[in-house]
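Asker: Can you make the complete structure from the sequences, with help from the hints?
These protein sequence lines map, in sequence, to chains A and B. With this note's numbering as the guide, the letters of the first sequence map in order to residues 5 to 716. With this note's numbering as the guide, the letters of the second sequence map in order to residues 5 to 716.
The set of hints was computed from the structure by calculation and includes no laboratory data. There's no promise every hint is true.
Identical copies carry no separate label here, and so any pair may be met within one copy or between two of them.
What the hints assert, rightly or not - Simulated pairs of lysine-lysine, BS3-like, Cα-Cα distance not exceeding 30 Å:
hint, residue 1, residue 2
1, Lys302, Lys13
2, Lys484, Lys429
3, Lys515, Lys156
4, Lys184, Lys78
5, Lys13, Lys310
6, Lys646, Lys278
7, Lys590, Lys515
8, Lys549, Lys484
9, Lys13, Lys646
10, Lys344, Lys313
11, Lys515, Lys184
12, Lys658, Lys302
13, Lys486, Lys470
14, Lys646, Lys429
2 protein chains.
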Amino acid sequence: MAFDTAAVKEVLDKVRAEGRAALTAPEGRRICEAYGIPTPGEGLATTEDEAVSIATDLGFPVAMKIVSPEILHKTDAGGVEIGVADADAVRQAYRSIIANAKAYDASATIVGVQVQQMLGGGQEVIIGATTDGTFGKVVAFGLGGVLVEVLKDITFRLAPVDRDQARSMLDGIQAADVLKGARGAEPVDADALAGVIERVSALVTDFPEISEVDLNPVFATGSGATAADVRILVETGEVAPRVERSPEEILASMRRLMNPSAVAVIGASNEVGKIGNSVMRNLIGGGFEGTIYPINPKADEVEGIKAYKSISDVEGDIDVAVFAIPAKFVAGAVDECGRKGVGAAVLIPSGFAETGNQELQDEVVATATKYGIRLLGPNIYGYYYTPSKLCATFCTPYDVRGGVALTSQSGGIGMAILGFSRTTKMGVSAIVGLGNKSDVDEDDLLTFFEQDDNTTCVAMHLEDLKDGRAFVDAAQRITKKKPVVVLKAGRTDLGARAASSHTGALAGDDKVYDDILRQAGVVRAPGLNEMLEYARGLPLLPTPKGENVVIITGAGGSGVLLSDACVEAGLSLMDIPPDLDESFRKFIPPFGAAGNPIDITGGEPPSTYEATIRLGLEDDRIHSLILGYWHTIVTPPMVFAKLTADVVAQARAKGIDKPVVASLAGDTEVEQACDYLFEHGIVAYPYTTEKPVAVLGAKYRWARSAGLLGQV
Amino acid sequence: MAFDTAAVKEVLDKVRAEGRAALTAPEGRRICEAYGIPTPGEGLATTEDEAVSIATDLGFPVAMKIVSPEILHKTDAGGVEIGVADADAVRQAYRSIIANAKAYDASATIVGVQVQQMLGGGQEVIIGATTDGTFGKVVAFGLGGVLVEVLKDITFRLAPVDRDQARSMLDGIQAADVLKGARGAEPVDADALAGVIERVSALVTDFPEISEVDLNPVFATGSGATAADVRILVETGEVAPRVERSPEEILASMRRLMNPSAVAVIGASNEVGKIGNSVMRNLIGGGFEGTIYPINPKADEVEGIKAYKSISDVEGDIDVAVFAIPAKFVAGAVDECGRKGVGAAVLIPSGFAETGNQELQDEVVATATKYGIRLLGPNIYGYYYTPSKLCATFCTPYDVRGGVALTSQSGGIGMAILGFSRTTKMGVSAIVGLGNKSDVDEDDLLTFFEQDDNTTCVAMHLEDLKDGRAFVDAAQRITKKKPVVVLKAGRTDLGARAASSHTGALAGDDKVYDDILRQAGVVRAPGLNEMLEYARGLPLLPTPKGENVVIITGAGGSGVLLSDACVEAGLSLMDIPPDLDESFRKFIPPFGAAGNPIDITGGEPPSTYEATIRLGLEDDRIHSLILGYWHTIVTPPMVFAKLTADVVAQARAKGIDKPVVASLAGDTEVEQACDYLFEHGIVAYPYTTEKPVAVLGAKYRWARSAGLLGQV
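Answerer: Structure follows, in structure tokens:
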């Protein structure tokens, strides 16, 4: 679309030159025209006669509104009349609007009265844009009236949006059916409405000085969308451009952080219980194969390794320095690191912004920036990268290698990640503490994990984003290839309050986060446990090839609950075609239920599970299987687990790889069976019908938004 | 309220005598008048002149509608005109309505034209009543237009409702704020609106032959509520009264089932792997102290106990007969049981209604009814009652006694209950399989558990209710004293479909279930795992004395997630008063955050946890504690667990007993710490911030609806 940017610039320059934050209605209209946003026919009248003439041209009824740069709340000023029906009424309205305006603010400049075509019919919607503290320019769409104001039924996207994204916003509200012609109304012209959203998003992107746009209401009919009222606000001060690092630059520094040849430990100690001792033990105990340089002015060696008084005494190159010294010494040591050419400083110490000491943190950041050192932390437990056998942390070593990279903003959550990983033997590539995020943040890590062949899935706990736009950019790239799970803490108003007192971060409005994380292709976990379970399960499940999910269950009762869970997780139970139904029926008792769930009934031998699972895997119309197992003497838990693993392995050997998840109902032996199934690539849980389905649902959410199912 | 029931009876008798299902508008109006439900001023005109005269009396504008018993869809017939503005327009409307009606249905009886006061302004709402398959008469309330039709924003209650219950319906919709004057509108007269709901509920209760009432729209203003359109439908056939057992009768039979002196096993067997053998072994192995009579025509003894060829050969009394014989022999054996005076038959066999063999099931029920035998099942795993050391099941014995009684409609879910109980050492009073529920159902068991001192909490998995009203009656009684958790399977449309194919039960609309279960005081679990965790946790938590919840956490990150979870669970974080804040601050580092969550920070020694938890317990303005633990070297997991258990025990010794739940973030040692805490009455989970808060939330939901917090 070609826009008249010159016209917009002219209006904005004038407004800003005059030190105004708000545009007048005619200015707003001019901007809409320049960007092809339809507004009602109108004219500016400076006399009664002019008002009558304009109204006659437009056709009655008309709306009339005061135009004055000083009067923003026109209704409050008695400066609005609607439904003005004929010439006499126009005259009367003109007089009363002018009189009211003068009474409201005697010093206001009265430019005139705007006479506007009355719009009506169709559906009232709101289209807007705002400048979010985290994400920058975002566009918003909602239905007018009660739906937006009482039910908060509104949706956001990062600007700019293309036409498809804009159209997705129409489906992004709860009351979407209203736009499609619910209750016998005419469906709105979705393309015209999406066009207005797209144009607003382009406008605020092209002109960052526009801080807010409100088109409220926009009348959407079957043949178009017209903005009846336009409100535009601008920044009166300077608008600073965003500073960005190139992906190449980020990658180079992250590679050095994750695959260091030499690591120094500043504050390395022989005293058990001290952080500087724990870090040394973990580096050694974790099996790090590069060089370790303990730095300690008073020791000759630490944990059996030659120590140095200062980092400048070290002869070789140092990629990473892990800090285990009090906060007040950090800035000085970072300066030494800079002079030594260290690539990254891992700042375990606390006592910075999180305790109110922002100044000290700023000093450290300034020093690091001077030398181009990347900072991880401060206020973190450290980090793990298993392919490098690197455990640069005061926790305990972890060595189960696998595809999941996990990060956390909070140390407590980091410890929960570690404990959960160990107890479930979760294969991990990285665990990274981000803490205060004075420098390295989620987008740096996503940029690294995107190209890291050791990582197949990322899970992140975060409380805020320092640069939401950089996060979305990085997330949109990686999620095309690998799922990213995000646990956003401070989801709720109450939670957001706690986030704010904890980190000093301004927690964004959750609805903005929710919509934009989805736009970024991220799978949001509703809670900590779900984040961990998704992280554990997603790498095991192959990407499904389509939406057809089939439940095979030995317990009808589980089938019902698994169906409930499918709806909850946004999964589609396949409508089984008659020939396939017939094929399943061959294996199950006559009183079993085919259809979907397929209820093979409880008393069946292993061969029935085996035959039906095999059929489910081999029929290529089925894309995913959910198994419901019921513990019986005829088919004990481990028999079920082994036969299932075998059938799945046989199918894989034939090149058939579908997601298979299982819910096991039975006595405690089902726990061992679930462990066995997990070890064989099948996501399986005891005593729950919800969890396995939720993990499958998460895989589908990712696959859909990555465009891997052929449908978004 | 005194109603003119005679007037209603006269109308209904006439309608039913004429074989009509629908009342005319004047009939509907007469019924509304008899029950004090305001309707617009109106009159019936049979001539143009009459129409003009009525309209003039009412005041213009008016609405005009055809009155004809044959024309139900008046708008379709061109039989409605609204906004009729003056006398001429009334004449014209009269003519065209009559002409349209004749054209629509030449044979229709035209009674005349109804001339009605036009209502407007205020808020359009819908008030109705319907006859639900499960619950009988229910009343419904919602907002008119898009909100009800697109967003399904509607709420239900079992009829009759009192004024308070009716008012709770106004708050039971999402868009409740609309009624309170959102967007500058006048708040509606809530009492008037509740009055209409109450009257409609009384009407359908007094006259069960009314199958449906639709007041749509009702105009609610600041000073009243008027039903603009009334639609009433009646049953044309006979309306059978409900058959009820008295609680005393139910109790007597349930006590005999749960505390039998003698149990017969019909089909007892020595052959390992047979159900008749498993049941015998479990009765013996479970330690049942009453008499066991194996019944087997071919054995002299079974599992070392003297066997009988037939139940009639047994000399002593038999309270319970457990059936382990094929379906086809069941009816005959029940007849023998009847002649022997057996109290209850526990029907393990399948092959009845669940496989389509309803006839066989009906025959068994008829036989049992003849003798007054209560039937459990068929198609079940049996039942456990630990106070009687009774394991009458083919599963395995379970002997951890405790306060939870669990029931399940499905065998698979029963096995999950058993496995979960065993692995978590959950203290159980009963586990009961209900299967096809040919006789004994949830309300029988609730009636027993209500007065059973061994039971402090009930958890039920159900797919349908045979008699929703009996369930609500029983639930309303017991939930005043003990929490009842319900997992209703078939929650979703998809789930409901599966329920229907599984049990042949007509799964009710979930919204009706949801509202009415809440009205019954039941805590609904969203899934199987939650049902089990609530069952495990609720009996451990004392009933909170108020809404003030405080989070004490060693990890700020957990604090944020715990706050999120509180909002999710409907809990209120206490606003800490300044003096209490000051008291907490004495124990925590200066950079820790008081307020709520209270962030004691991560590096603190056991004494900090101890002092803050003690303060939280001892200050009587605080009603519940949520603890967030972060694994450190200074305060390892078991140290935290023991100190917490000690502080809680000390408080209990002083008579202070508050709910305490904990989330433990750390390495795998936190799992052992959680087990320890559970054993000491503190609900604690590793690697999740959501679960402990959800359990506390469930306790609060119950306590609120039982009126134990002084607020509903």
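Asker: Please go over all the hints and tell whether each is borne out by the structure.
Answerer: Here is how each hint holds up against the structure:
Proximity of Lys302 and Lys13 under a CA criterion of 30 Å is satisfied in neither setting, with 65 Å inside one chain copy and 101 Å between copies. Within a single copy, Lys484 and Lys429 get their C-alpha atoms as close as 27 Å, which meets the 30 Å cut-off; across copies the closest is 45 Å, which misses it. For a Cα distance limit of 30 Å, the shortest separation of Lys515 from Lys156 qualifies both inside one copy, at 9 Å, and across copies, at 22 Å. Taking identical chains as interchangeable, the C-alpha atoms of Lys184 and Lys78 lie at most 30 Å apart only when they sit on different chains, with a minimum of 26 Å there against 33 Å within one chain.
In this homomeric assembly, Lys13 and Lys310 never come within 30 Å of each other (Cα to Cα): the closest approach is 65 Å inside a single copy and 101 Å across copies. For a Cα distance limit of 30 Å, the shortest separation of Lys646 from Lys278 across copies, 24 Å, qualifies, whereas the shortest one inside one copy, 47 Å, does not. Proximity of Lys590 to Lys515 under the C-alpha cut-off of 30 Å is found in neither arrangement, the shortest distances being 50 Å within a copy and 38 Å between copies. For the identical chains of this complex, Lys549 and Lys484 are intra-copy neighbours only, at 15 Å inside a copy versus 51 Å across copies, given an alpha-carbon limit of 30 Å.
Taking identical chains as interchangeable, the C-alpha atoms of Lys13 and Lys646 are never at most 30 Å apart, the minima being 70 Å within one chain and 68 Å between chains. Taking the shortest alpha-carbon separations for Lys344 and Lys313, only the intra-copy value of 14 Å comes in at or below 30 Å, while the best inter-copy value is 95 Å. Within a single copy, Lys515 and Lys184 get their C-alpha atoms as close as 23 Å, and across copies as close as 24 Å, so both meet the 30 Å cut-off. Taking the shortest Cα distances, Lys658 and Lys302 never come within 30 Å of each other, neither inside one copy (63 Å) nor across copies (53 Å).
Only within a single protomer do Lys486 and Lys470 lie at most 30 Å apart by alpha-carbon distance; the minimum there is 23 Å, versus 49 Å between protomers. Within a single copy, Lys646 and Lys429 get their C-alpha atoms as close as 19 Å, and across copies as close as 28 Å, so both meet the 30 Å cut-off.
Going down the numbered hints, you'll see the structure goes against 1, 5, 7, 9, 12, while the others check out.
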